[in-house]
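A.B. asks: Sequence:
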Amino acid sequence: MRIADVLRTKGSLVATIDPDVPVSELLRALAEHNVGAIVVVGPSGVAGIVSERDVVRRLHESGAELLSSPVSAIMTTEVHTCSPSDTVDSLTVLMTERRFRHVPVLSDGQLVGIVSIGDVVKSRIGQLEQSQDQLQAYIAQG
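First residue of the sequence shown: 3, per this note's numbering; consecutive thereafter.
Hints in this document: simulated from the structure, not taken from any laboratory. We treat Cβ as the ideally placed atom computed from N, Cα and C, and that holds for glycine. Just to be clear, a hint being listed does not mean it is correct.
Stated by the list, open to error - Simulated restraints on C-beta separations: (1) Thr94 / Arg10: 38 to 44 Å; (2) Ala33 / Arg101: 21 to 27 Å; (3) Glu34 / Asp7: 23 to 29 Å; (4) Gly47 / Glu131: 33 to 39 Å.
Start from the sequences, fold in the hints, and give me the full structure.
C.D. replies: Here it is as structure tokens:
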């Protein structure tokens, strides 16, 4: 299964935010979109990614004054991306080894979606259920 198949099922809408907006606005956007991470997009495209975990950790370190800081102060700038043609299996390995939960999907340098670890798990469960159904049908015909 390819990432394009996952996006076809879940949709390709991606919550984005400007790197210069305050963290308080980021919190509003996370809640409004009911997501765990937002892709930070600047004038030249994807500039970073920021998750709820990033906010919590930095709030612990810096306190409430963090809320007026720009998103760029807390975002992860080394963003690992994938393409629609990548396989779910290869992305699963990458996410597990690198210990991140959200991966933006780029096609020709353009943001076309985002895949979470939950999307990957759901996809894998779907594959396993389909295999089980096929095996049961084979055995029943037996």
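A.B. asks: So, for every hint listed, does it hold in this structure?
C.D. replies: Verification of the hints:
1. Thr94 / Arg10: 38 to 44 Å: Given a distance of about 18 Å, which is not inside 38 to 44 Å, the answer is violated.
2. Ala33 / Arg101: 21 to 27 Å: holds (25 Å)
3. Glu34 / Asp7: 23 to 29 Å: Holds - the Cβ-Cβ distance for Glu34 and Asp7, about 28 Å, lies within 23 to 29 Å.
4. Gly47 / Glu131: 33 to 39 Å: holds (37 Å)
Hint 1 from the list above is the single one not met by this structure.
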